[in-house]
Amino acid sequence: MRNCNIKLFVLSLLVVGISYAQEVHTHSNGASIANESNATSGWSVTSAGSISSVQDEVVDGNFSMKVSATSAGWAVASYSFNAEIGEVYNISIYAKKASTKTPGFFLWEGFSDFVSQSVASTSWTLYTFSVTASDTSAIIKVYTGNTYPAAVGDAVYIDSVSIQKASSDTQAPTAPSLTSTGQTATTVDLSWSGATDNVGVAQYKVYRDGVLMETLGNVTSYQMTGLTASTTYSFAVRALDAAGNQSTASNLSVTTDSSADTQAPTAPSLLSGSHTDTTIDLSWSGATDNVGVTGYKIYKDGVLEASPGNVGTYQVIGLSANTAYDFIVTALDGAGNESANSNQISVTTDASTSGGSVSVWNESGGTANYNGNVAIGTTMVPSGYQLAVEGHIRTREIRVDQDVWPDYVFLDDYELMSLAEIKTYIDKNGHLPNIPSAKEVEANGLDLGEMNKLLLEKIEELTLHIIKLKEEVNTLKTKN
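The sequence shown lines up with residues 26 to 505 when you count with our numbering.
These are calculated hints, taken from the structure and not from any lab test.
Check before you lean on any hint, since a few could be wrong.
[What the hints assert, rightly or not] Straight-line Cα separation of at most 20 Å, SDA-like style, residue types lysine to any residue; simulated pairs:
no.: 1; residue 1: K495; residue 2: S283
no.: 2; residue 1: K448; residue 2: D282
no.: 3; residue 1: K325; residue 2: A445
no.: 4; residue 1: K504; residue 2: Y324
no.: 5; residue 1: K230; residue 2: A210
no.: 6; residue 1: K464; residue 2: P407
no.: 7; residue 1: K166; residue 2: S205
no.: 8; residue 1: K464; residue 2: D326
no.: 9; residue 1: K464; residue 2: Y324
no.: 10; residue 1: K325; residue 2: H300
no.: 11; residue 1: K322; residue 2: A376
no.: 12; residue 1: K502; residue 2: Q80
no.: 13; residue 1: K448; residue 2: V429
no.: 14; residue 1: K322; residue 2: D302
no.: 15; residue 1: K478; residue 2: A274
no.: 16; residue 1: K493; residue 2: T153
no.: 17; residue 1: K502; residue 2: S283
no.: 18; residue 1: K121; residue 2: V140
no.: 19; residue 1: K483; residue 2: E422
no.: 20; residue 1: K483; residue 2: K325
[As the list claims (entries may be wrong)] The calculated label-pair distances, taken between Cβ atoms and stated as ranges, are:
no.: 21; residue 1: D214; residue 2: G98; range: 36 to 46 Å
no.: 22; residue 1: T488; residue 2: S259; range: 40 to 50 Å
no.: 23; residue 1: S259; residue 2: S159; range: 40 to 50 Å
no.: 24; residue 1: T204; residue 2: D234; range: 12 to 22 Å
no.: 25; residue 1: K493; residue 2: D375; range: 21 to 31 Å
no.: 26; residue 1: G219; residue 2: H456; range: 42 to 52 Å
no.: 27; residue 1: S159; residue 2: T204; range: 45 to 55 Å
no.: 28; residue 1: D437; residue 2: Q369; range: 35 to 45 Å
Where a beta carbon is used, it is the ideal one built from N, C-alpha and C, also for glycine.
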(Lines of atoms letter the chains of each structure in order from A and count residues from 1; the text may use other names and numbers.)
(Lines give C-alpha, C1' and ligand atoms only; values in the text may rest on other atoms or scores of the structure.)
Protein backbone atom coordinates (compact mmCIF):
# COMPACT_ATOMS: atom_id res chain seq x y z
CA MET A 1 0.00 0.00 0.00
CA ARG A 2 1.32 3.46 -0.82
CA ASN A 3 1.66 5.46 2.38
CA CYS A 4 1.47 9.20 2.07
CA ASN A 5 -0.30 12.12 3.69
CA ILE A 6 -2.91 13.02 1.06
CA LYS A 7 -0.88 11.05 -1.46
CA LEU A 8 -0.09 13.94 -3.86
CA PHE A 9 2.11 12.93 -6.80
CA VAL A 10 3.85 15.55 -8.97
CA LEU A 11 5.33 14.93 -12.41
CA SER A 12 8.96 15.39 -13.33
CA LEU A 13 8.93 18.66 -15.23
CA LEU A 14 12.24 18.45 -17.03
CA VAL A 15 13.47 15.21 -18.56
CA VAL A 16 15.95 15.91 -21.32
CA GLY A 17 14.98 14.24 -24.58
CA ILE A 18 12.07 12.29 -23.08
CA SER A 19 8.43 13.29 -22.58
CA TYR A 20 6.63 11.05 -20.15
CA ALA A 21 4.89 11.29 -16.79
CA GLN A 22 6.57 10.31 -13.56
CA GLU A 23 5.24 10.31 -10.01
CA VAL A 24 8.22 11.82 -8.26
CA HIS A 25 7.31 12.42 -4.64
CA THR A 26 4.70 13.18 -2.05
CA HIS A 27 4.67 16.95 -1.90
CA SER A 28 3.45 16.96 1.68
CA ASN A 29 6.68 15.46 2.99
CA GLY A 30 9.10 15.98 0.12
CA ALA A 31 10.38 12.42 0.41
CA SER A 32 8.81 9.51 -1.42
CA ILE A 33 5.47 7.81 -1.93
CA ALA A 34 6.56 5.14 0.53
CA ASN A 35 7.04 7.80 3.23
CA GLU A 36 3.77 8.99 4.74
CA SER A 37 3.68 11.86 7.25
CA ASN A 38 0.90 13.58 9.15
CA ALA A 39 1.22 17.02 7.50
CA THR A 40 -0.36 19.35 4.91
CA SER A 41 2.80 20.93 3.51
CA GLY A 42 2.40 22.44 0.04
CA TRP A 43 -1.23 23.42 0.54
CA SER A 44 -2.63 26.82 1.51
CA VAL A 45 -6.11 27.86 2.63
CA THR A 46 -8.06 31.12 2.73
CA SER A 47 -8.68 32.91 6.03
CA ALA A 48 -12.24 31.56 6.21
CA GLY A 49 -11.06 27.97 6.23
CA SER A 50 -8.69 25.46 7.77
CA ILE A 51 -6.84 22.45 6.42
CA SER A 52 -5.82 19.40 8.44
CA SER A 53 -4.51 15.86 8.08
CA VAL A 54 -6.93 13.22 9.39
CA GLN A 55 -6.95 9.46 9.86
CA ASP A 56 -10.64 8.59 10.18
CA GLU A 57 -11.42 8.96 6.45
CA VAL A 58 -8.92 7.58 3.89
CA VAL A 59 -8.92 5.96 0.46
CA ASP A 60 -5.72 4.08 1.26
CA GLY A 61 -2.73 4.59 3.49
CA ASN A 62 -3.20 6.21 6.90
CA PHE A 63 -4.02 9.89 6.25
CA SER A 64 -6.24 12.08 4.09
CA MET A 65 -6.82 15.86 4.10
CA LYS A 66 -9.89 17.71 5.35
CA VAL A 67 -10.75 21.27 4.28
CA SER A 68 -13.24 22.99 6.61
CA ALA A 69 -14.97 26.40 6.78
CA THR A 70 -14.25 28.16 10.08
CA SER A 71 -16.00 31.48 9.38
CA ALA A 72 -18.15 33.23 6.78
CA GLY A 73 -16.48 33.77 3.39
CA TRP A 74 -14.93 31.51 0.79
CA ALA A 75 -13.16 28.52 2.39
CA VAL A 76 -10.75 27.41 -0.35
CA ALA A 77 -7.66 25.15 -0.27
CA SER A 78 -5.12 25.65 -3.08
CA TYR A 79 -2.11 23.84 -4.46
CA SER A 80 0.19 25.36 -7.10
CA PHE A 81 2.87 23.80 -9.28
CA ASN A 82 5.15 24.83 -12.13
CA ALA A 83 3.68 24.00 -15.52
CA GLU A 84 4.77 24.17 -19.16
CA ILE A 85 2.49 26.29 -21.33
CA GLY A 86 0.75 24.18 -23.95
CA GLU A 87 1.37 20.89 -22.19
CA VAL A 88 -1.56 18.64 -21.22
CA TYR A 89 -1.76 17.52 -17.60
CA ASN A 90 -3.77 14.58 -16.28
CA ILE A 91 -4.95 15.35 -12.73
CA SER A 92 -6.92 12.93 -10.53
CA ILE A 93 -8.29 13.53 -7.01
CA TYR A 94 -10.37 11.37 -4.68
CA ALA A 95 -12.95 13.45 -2.78
CA LYS A 96 -16.13 13.15 -0.67
CA LYS A 97 -18.43 15.78 0.85
CA ALA A 98 -18.52 16.09 4.64
CA SER A 99 -21.46 18.49 5.13
CA THR A 100 -24.82 19.43 3.62
CA LYS A 101 -23.22 21.96 1.26
CA THR A 102 -21.94 20.78 -2.11
CA PRO A 103 -18.16 21.28 -2.30
CA GLY A 104 -16.24 21.08 -5.53
CA PHE A 105 -13.29 21.86 -7.78
CA PHE A 106 -13.96 25.40 -9.05
CA LEU A 107 -12.03 28.27 -10.67
CA TRP A 108 -8.69 26.59 -11.25
CA GLU A 109 -6.03 28.95 -12.56
CA GLY A 110 -3.42 28.55 -15.29
CA PHE A 111 -5.46 26.24 -17.54
CA SER A 112 -7.23 27.11 -20.79
CA ASP A 113 -9.82 24.33 -20.78
CA PHE A 114 -10.66 23.62 -17.13
CA VAL A 115 -14.25 22.55 -16.41
CA SER A 116 -15.57 22.69 -12.81
CA GLN A 117 -16.81 19.55 -11.06
CA SER A 118 -18.99 19.39 -7.93
CA VAL A 119 -18.42 16.85 -5.17
CA ALA A 120 -21.95 15.59 -4.59
CA SER A 121 -21.36 12.22 -2.90
CA THR A 122 -20.60 11.32 0.70
CA SER A 123 -18.63 8.32 -0.59
CA TRP A 124 -15.11 8.46 -1.97
CA THR A 125 -15.26 9.27 -5.69
CA LEU A 126 -12.42 9.71 -8.18
CA TYR A 127 -12.50 13.01 -10.12
CA THR A 128 -10.28 13.33 -13.20
CA PHE A 129 -9.24 16.33 -15.29
CA SER A 130 -7.29 16.56 -18.53
CA VAL A 131 -6.27 20.21 -18.80
CA THR A 132 -3.89 22.30 -20.92
CA ALA A 133 -1.54 24.72 -19.15
CA SER A 134 -1.92 28.39 -20.19
CA ASP A 135 0.48 29.75 -17.57
CA THR A 136 3.72 28.64 -15.97
CA SER A 137 2.02 28.75 -12.57
CA ALA A 138 -0.96 26.42 -12.31
CA ILE A 139 -3.28 26.29 -9.30
CA ILE A 140 -5.82 23.63 -8.34
CA LYS A 141 -8.54 24.66 -5.87
CA VAL A 142 -10.92 22.84 -3.55
CA TYR A 143 -14.01 24.70 -2.26
CA THR A 144 -15.99 23.60 0.82
CA GLY A 145 -19.23 24.73 -0.82
CA ASN A 146 -20.70 26.21 -4.00
CA THR A 147 -22.52 29.16 -2.38
CA TYR A 148 -21.26 32.30 -0.69
CA PRO A 149 -20.65 32.83 2.11
CA ALA A 150 -19.49 29.51 3.49
CA ALA A 151 -21.18 28.28 6.63
CA VAL A 152 -19.09 27.26 9.58
CA GLY A 153 -18.73 23.47 9.43
CA ASP A 154 -18.82 23.12 5.63
CA ALA A 155 -16.16 20.54 4.80
CA VAL A 156 -14.72 18.25 2.14
CA TYR A 157 -12.20 15.37 2.26
CA ILE A 158 -9.57 14.84 -0.46
CA ASP A 159 -7.03 12.05 -0.92
CA SER A 160 -4.63 10.54 -3.49
CA VAL A 161 -4.04 13.69 -5.57
CA SER A 162 -2.08 12.83 -8.73
CA ILE A 163 -0.66 15.40 -11.20
CA GLN A 164 0.99 13.99 -14.34
CA LYS A 165 2.04 15.40 -17.66
CA ALA A 166 0.36 13.50 -20.53
CA SER A 167 2.73 10.83 -21.77
CA SER A 168 4.03 10.04 -25.24
CA ASP A 169 5.33 6.67 -24.01
CA THR A 170 2.72 3.98 -24.69
CA GLN A 171 4.97 0.91 -24.82
CA ALA A 172 4.59 -1.43 -21.85
CA PRO A 173 7.54 -3.29 -20.29
CA THR A 174 8.06 -6.98 -20.97
CA ALA A 175 6.82 -9.37 -18.29
CA PRO A 176 9.30 -10.30 -15.55
CA SER A 177 10.22 -13.91 -14.80
CA LEU A 178 8.88 -14.82 -11.34
CA THR A 179 10.35 -17.50 -9.06
CA SER A 180 10.22 -18.45 -5.38
CA THR A 181 13.51 -18.66 -3.50
CA GLY A 182 12.05 -20.25 -0.38
CA GLN A 183 9.12 -20.43 1.96
CA THR A 184 8.18 -21.11 5.57
CA ALA A 185 4.83 -21.79 7.18
CA THR A 186 3.95 -18.07 7.08
CA THR A 187 6.19 -16.46 4.42
CA VAL A 188 7.12 -16.83 0.75
CA ASP A 189 10.23 -15.22 -0.76
CA LEU A 190 9.63 -13.99 -4.32
CA SER A 191 12.26 -12.99 -6.86
CA TRP A 192 11.95 -11.83 -10.47
CA SER A 193 14.12 -10.76 -13.39
CA GLY A 194 14.03 -10.12 -17.10
CA ALA A 195 11.63 -7.15 -17.37
CA THR A 196 12.76 -4.58 -19.95
CA ASP A 197 11.26 -1.34 -21.28
CA ASN A 198 12.00 1.06 -24.13
CA VAL A 199 12.49 3.87 -21.59
CA GLY A 200 13.08 2.03 -18.36
CA VAL A 201 11.32 -0.08 -15.73
CA ALA A 202 10.33 2.10 -12.77
CA GLN A 203 8.14 -0.03 -10.50
CA TYR A 204 6.71 -3.48 -9.84
CA LYS A 205 3.28 -4.48 -8.57
CA VAL A 206 3.00 -7.68 -6.52
CA TYR A 207 -0.31 -9.57 -6.37
CA ARG A 208 -1.51 -12.43 -4.17
CA ASP A 209 -4.51 -14.42 -5.35
CA GLY A 210 -5.39 -11.60 -7.73
CA VAL A 211 -5.26 -8.83 -5.10
CA LEU A 212 -2.62 -6.07 -5.27
CA MET A 213 -0.47 -6.41 -2.15
CA GLU A 214 2.38 -3.97 -2.78
CA THR A 215 3.70 -1.44 -5.27
CA LEU A 216 7.50 -1.45 -5.12
CA GLY A 217 10.27 0.60 -6.64
CA ASN A 218 12.75 -0.85 -9.10
CA VAL A 219 13.64 -3.88 -6.95
CA THR A 220 13.65 -7.57 -7.83
CA SER A 221 12.66 -9.38 -4.63
CA TYR A 222 9.93 -9.30 -2.02
CA GLN A 223 8.94 -11.38 1.01
CA MET A 224 5.21 -12.06 1.35
CA THR A 225 4.35 -12.37 5.05
CA GLY A 226 1.31 -13.18 7.16
CA LEU A 227 0.45 -16.38 5.26
CA THR A 228 -1.27 -19.54 6.51
CA ALA A 229 0.60 -22.84 6.86
CA SER A 230 0.00 -25.64 4.32
CA THR A 231 -1.85 -23.28 1.96
CA THR A 232 -1.35 -22.79 -1.80
CA TYR A 233 -1.16 -19.18 -2.96
CA SER A 234 -1.07 -17.71 -6.47
CA PHE A 235 1.39 -14.85 -6.92
CA ALA A 236 1.86 -12.47 -9.84
CA VAL A 237 4.20 -9.57 -10.62
CA ARG A 238 3.76 -6.80 -13.20
CA ALA A 239 6.46 -4.37 -14.35
CA LEU A 240 5.60 -0.66 -14.80
CA ASP A 241 7.42 2.13 -16.55
CA ALA A 242 7.36 5.79 -15.48
CA ALA A 243 4.44 6.50 -17.82
CA GLY A 244 2.29 3.96 -15.99
CA ASN A 245 2.34 1.33 -18.74
CA GLN A 246 2.08 -2.17 -17.22
CA SER A 247 3.46 -5.47 -18.46
CA THR A 248 1.47 -8.67 -18.59
CA ALA A 249 1.55 -10.58 -15.32
CA SER A 250 3.97 -13.36 -14.50
CA ASN A 251 2.37 -16.07 -12.37
CA LEU A 252 3.57 -18.56 -9.76
CA SER A 253 1.87 -20.91 -7.28
CA VAL A 254 3.59 -21.70 -3.97
CA THR A 255 2.44 -23.87 -1.06
CA THR A 256 3.58 -22.77 2.37
CA ASP A 257 5.23 -25.26 4.70
CA SER A 258 3.21 -26.99 7.38
CA SER A 259 3.59 -25.48 10.81
CA ALA A 260 6.12 -27.07 13.16
CA ASP A 261 4.41 -29.48 15.56
CA THR A 262 5.64 -28.91 19.11
CA GLN A 263 2.49 -30.01 20.93
CA ALA A 264 2.78 -33.36 22.72
CA PRO A 265 -0.11 -35.83 22.87
CA THR A 266 -2.22 -36.10 25.99
CA ALA A 267 -1.33 -38.91 28.39
CA PRO A 268 -3.08 -42.26 27.82
CA SER A 269 -5.03 -44.10 30.51
CA LEU A 270 -3.39 -47.44 31.35
CA LEU A 271 -5.23 -50.62 32.40
CA SER A 272 -4.13 -54.20 33.06
CA GLY A 273 -5.86 -57.28 31.72
CA SER A 274 -5.20 -60.94 32.27
CA HIS A 275 -1.85 -62.27 33.42
CA THR A 276 -0.05 -65.57 33.93
CA ASP A 277 3.10 -66.51 35.75
CA THR A 278 5.22 -65.13 32.85
CA THR A 279 2.97 -62.64 30.98
CA ILE A 280 0.90 -59.51 31.65
CA ASP A 281 -1.62 -58.06 29.18
CA LEU A 282 -1.75 -54.24 29.10
CA SER A 283 -4.28 -51.95 27.40
CA TRP A 284 -4.66 -48.17 27.22
CA SER A 285 -6.86 -45.48 25.70
CA GLY A 286 -7.59 -41.77 25.68
CA ALA A 287 -4.43 -40.31 24.13
CA THR A 288 -5.13 -37.48 21.66
CA ASP A 289 -2.91 -35.15 19.64
CA ASN A 290 -3.41 -31.96 17.59
CA VAL A 291 -1.98 -33.78 14.54
CA GLY A 292 -2.30 -37.45 15.42
CA VAL A 293 -0.92 -40.13 17.73
CA THR A 294 1.53 -42.40 15.88
CA GLY A 295 2.86 -44.71 18.57
CA TYR A 296 3.38 -45.56 22.23
CA LYS A 297 6.23 -46.39 24.59
CA ILE A 298 5.82 -48.94 27.37
CA TYR A 299 8.03 -48.70 30.45
CA LYS A 300 8.48 -51.56 32.92
CA ASP A 301 9.99 -50.66 36.28
CA GLY A 302 11.20 -47.36 34.77
CA VAL A 303 12.97 -48.98 31.78
CA LEU A 304 11.70 -48.83 28.20
CA GLU A 305 10.13 -52.20 27.45
CA ALA A 306 8.77 -51.69 23.92
CA SER A 307 7.60 -49.15 21.31
CA PRO A 308 4.70 -51.03 19.72
CA GLY A 309 3.41 -48.42 17.27
CA ASN A 310 -0.13 -47.01 17.15
CA VAL A 311 -1.90 -49.84 18.99
CA GLY A 312 -3.96 -50.04 22.17
CA THR A 313 -2.79 -53.33 23.67
CA TYR A 314 0.47 -55.10 24.41
CA GLN A 315 1.49 -58.36 26.08
CA VAL A 316 4.58 -58.23 28.26
CA ILE A 317 6.28 -61.64 28.22
CA GLY A 318 9.24 -63.36 29.85
CA LEU A 319 8.31 -62.28 33.37
CA SER A 320 9.13 -64.07 36.61
CA ALA A 321 6.42 -65.84 38.54
CA ASN A 322 4.91 -64.27 41.64
CA THR A 323 6.69 -60.96 40.98
CA ALA A 324 5.30 -57.38 41.08
CA TYR A 325 6.01 -55.11 38.12
CA ASP A 326 5.27 -51.39 37.66
CA PHE A 327 4.14 -50.13 34.24
CA ILE A 328 3.52 -46.76 32.59
CA VAL A 329 2.74 -45.84 28.97
CA THR A 330 3.42 -42.64 27.00
CA ALA A 331 2.02 -41.55 23.62
CA LEU A 332 4.06 -40.25 20.64
CA ASP A 333 3.18 -38.14 17.60
CA GLY A 334 4.85 -38.00 14.19
CA ALA A 335 7.11 -35.12 15.25
CA GLY A 336 8.53 -37.20 18.10
CA ASN A 337 6.72 -35.30 20.85
CA GLU A 338 6.14 -37.58 23.84
CA SER A 339 3.22 -37.22 26.24
CA ALA A 340 3.40 -37.12 30.00
CA ASN A 341 3.35 -40.48 31.76
CA SER A 342 0.10 -42.37 32.03
CA ASN A 343 -1.10 -43.50 35.41
CA GLN A 344 1.24 -46.13 36.88
CA ILE A 345 -0.13 -49.60 37.54
CA SER A 346 1.45 -52.39 39.54
CA VAL A 347 0.71 -55.99 38.53
CA THR A 348 1.89 -59.21 40.17
CA THR A 349 2.36 -62.30 38.02
CA ASP A 350 0.77 -65.57 39.03
CA ALA A 351 2.63 -68.12 41.09
CA SER A 352 4.49 -70.75 39.06
CA THR A 353 2.38 -73.77 38.11
CA SER A 354 5.35 -75.99 37.26
CA GLY A 355 6.45 -76.84 40.80
CA GLY A 356 10.03 -77.11 41.92
CA SER A 357 10.46 -80.80 41.18
CA VAL A 358 8.91 -80.84 37.73
CA SER A 359 11.27 -80.78 34.76
CA VAL A 360 11.17 -77.72 32.54
CA TRP A 361 11.48 -80.05 29.53
CA ASN A 362 8.41 -81.55 27.88
CA GLU A 363 8.18 -84.01 24.99
CA SER A 364 5.22 -84.60 22.73
CA GLY A 365 5.01 -86.28 19.35
CA GLY A 366 8.74 -86.33 18.90
CA THR A 367 9.11 -82.61 19.71
CA ALA A 368 10.87 -81.47 22.89
CA ASN A 369 10.03 -78.06 24.27
CA TYR A 370 11.53 -76.07 27.08
CA ASN A 371 9.34 -73.89 29.30
CA GLY A 372 12.12 -71.96 31.01
CA ASN A 373 14.59 -69.27 29.95
CA VAL A 374 17.67 -70.11 27.85
CA ALA A 375 21.06 -68.41 28.21
CA ILE A 376 23.83 -69.15 25.69
CA GLY A 377 27.29 -67.76 26.34
CA THR A 378 25.97 -65.92 29.38
CA THR A 379 24.50 -66.80 32.76
CA MET A 380 21.62 -64.35 32.76
CA VAL A 381 18.45 -63.76 30.73
CA PRO A 382 17.21 -60.13 31.11
CA SER A 383 13.74 -59.65 32.53
CA GLY A 384 11.10 -59.82 29.83
CA TYR A 385 13.06 -62.17 27.56
CA GLN A 386 13.29 -65.94 27.24
CA LEU A 387 16.49 -66.27 25.18
CA ALA A 388 19.80 -64.45 25.62
CA VAL A 389 22.82 -65.10 23.39
CA GLU A 390 26.20 -63.52 24.08
CA GLY A 391 27.70 -63.70 20.60
CA HIS A 392 26.56 -64.03 16.99
CA ILE A 393 23.59 -65.95 15.61
CA ARG A 394 23.61 -67.36 12.10
CA THR A 395 20.52 -68.77 10.44
CA ARG A 396 18.88 -68.91 7.04
CA GLU A 397 15.63 -67.16 7.95
CA ILE A 398 13.87 -65.47 10.86
CA ARG A 399 10.16 -64.74 10.63
CA VAL A 400 8.76 -62.00 12.86
CA ASP A 401 5.03 -61.68 13.49
CA GLN A 402 3.83 -58.07 13.25
CA ASP A 403 0.39 -56.71 14.16
CA VAL A 404 1.09 -53.25 12.65
CA TRP A 405 2.80 -52.57 9.32
CA PRO A 406 3.48 -49.05 8.00
CA ASP A 407 0.92 -49.03 5.19
CA TYR A 408 -0.71 -46.31 7.32
CA VAL A 409 1.80 -43.90 5.71
CA PHE A 410 -0.26 -44.02 2.49
CA LEU A 411 -3.60 -43.28 4.17
CA ASP A 412 -5.22 -39.91 3.39
CA ASP A 413 -5.21 -38.80 7.03
CA TYR A 414 -1.51 -39.56 7.59
CA GLU A 415 0.32 -36.37 8.60
CA LEU A 416 3.49 -36.39 6.50
CA MET A 417 6.12 -34.09 7.99
CA SER A 418 7.62 -31.58 5.57
CA LEU A 419 11.34 -31.73 4.77
CA ALA A 420 11.81 -28.48 6.67
CA GLU A 421 10.16 -29.99 9.77
CA ILE A 422 12.29 -33.12 9.47
CA LYS A 423 15.46 -31.00 9.27
CA THR A 424 14.39 -29.02 12.35
CA TYR A 425 13.74 -32.27 14.23
CA ILE A 426 17.13 -33.73 13.20
CA ASP A 427 18.95 -30.52 14.17
CA LYS A 428 17.29 -30.67 17.59
CA ASN A 429 17.39 -34.42 18.35
CA GLY A 430 20.14 -35.88 16.15
CA HIS A 431 17.99 -38.64 14.65
CA LEU A 432 14.89 -39.12 12.48
CA PRO A 433 11.41 -38.65 13.94
CA ASN A 434 9.83 -41.82 15.40
CA ILE A 435 13.22 -43.60 15.25
CA PRO A 436 14.96 -44.52 18.54
CA SER A 437 18.16 -42.65 19.25
CA ALA A 438 21.51 -44.40 19.38
CA LYS A 439 21.45 -43.94 23.14
CA GLU A 440 18.07 -45.66 23.43
CA VAL A 441 19.15 -48.57 21.22
CA GLU A 442 22.42 -48.97 23.12
CA ALA A 443 20.53 -49.08 26.43
CA ASN A 444 17.49 -51.13 25.45
CA GLY A 445 18.19 -52.80 22.11
CA LEU A 446 15.55 -52.83 19.38
CA ASP A 447 12.97 -55.45 18.41
CA LEU A 448 13.78 -56.96 15.01
CA GLY A 449 10.20 -56.59 13.78
CA GLU A 450 9.91 -53.04 15.12
CA MET A 451 13.20 -52.10 13.45
CA ASN A 452 11.99 -53.30 10.04
CA LYS A 453 8.63 -51.58 10.51
CA LEU A 454 10.29 -48.23 11.31
CA LEU A 455 12.75 -48.54 8.41
CA LEU A 456 9.91 -49.24 5.96
CA GLU A 457 7.93 -46.31 7.42
CA LYS A 458 10.83 -43.97 6.58
CA ILE A 459 11.22 -45.50 3.10
CA GLU A 460 7.52 -44.94 2.38
CA GLU A 461 7.72 -41.34 3.69
CA LEU A 462 10.78 -40.75 1.46
CA THR A 463 8.83 -42.14 -1.51
CA LEU A 464 6.00 -39.65 -0.88
CA HIS A 465 8.50 -36.76 -0.70
CA ILE A 466 10.10 -37.84 -4.00
CA ILE A 467 6.66 -38.03 -5.67
CA LYS A 468 5.77 -34.56 -4.37
CA LEU A 469 9.07 -33.05 -5.55
CA LYS A 470 8.62 -34.67 -8.98
CA GLU A 471 5.15 -33.11 -9.27
CA GLU A 472 6.56 -29.67 -8.36
CA VAL A 473 9.33 -30.04 -10.97
CA ASN A 474 6.78 -31.02 -13.65
CA THR A 475 4.64 -28.01 -12.70
CA LEU A 476 7.62 -25.67 -13.07
CA LYS A 477 8.51 -27.22 -16.44
CA THR A 478 4.94 -26.70 -17.66
CA LYS A 479 4.93 -23.03 -16.60
CA ASN A 480 8.33 -22.32 -18.14
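Hints versus structure:
no., hint, in the structure
1, K495 to S283, "holds, 19 Å"
2, K448 to D282, "holds, 13 Å"
3, K325 to A445, "violated, 35 Å"
4, K504 to Y324, "violated, 54 Å"
5, K230 to A210, "violated, 23 Å"
6, K464 to P407, "holds, 19 Å"
7, K166 to S205, "violated, 47 Å"
8, K464 to D326, "holds, 19 Å"
9, K464 to Y324, "holds, 16 Å"
10, K325 to H300, "holds, 15 Å"
11, K322 to A376, "violated, 28 Å"
12, K502 to Q80, "violated, 48 Å"
13, K448 to V429, "violated, 27 Å"
14, K322 to D302, "violated, 23 Å"
15, K478 to A274, "violated, 49 Å"
16, K493 to T153, "violated, 51 Å"
17, K502 to S283, "violated, 24 Å"
18, K121 to V140, "holds, 18 Å"
19, K483 to E422, "violated, 24 Å"
20, K483 to K325, "violated, 28 Å"
21, D214 to G98: 36 to 46 Å, "violated, 57 Å"
22, T488 to S259: 40 to 50 Å, "violated, 28 Å"
23, S259 to S159: 40 to 50 Å, "holds, 49 Å"
24, T204 to D234: 12 to 22 Å, "holds, 18 Å"
25, K493 to D375: 21 to 31 Å, "violated, 53 Å"
26, G219 to H456: 42 to 52 Å, "holds, 44 Å"
27, S159 to T204: 45 to 55 Å, "holds, 51 Å"
28, D437 to Q369: 35 to 45 Å, "holds, 37 Å"
In the structure shown, a violation is registered for the earlier hints numbered 3, 4, 5, 7, 11, 12, 13, 14, 15, 16, 17, 19, 20, 21, 22 and 25, in ascending order.
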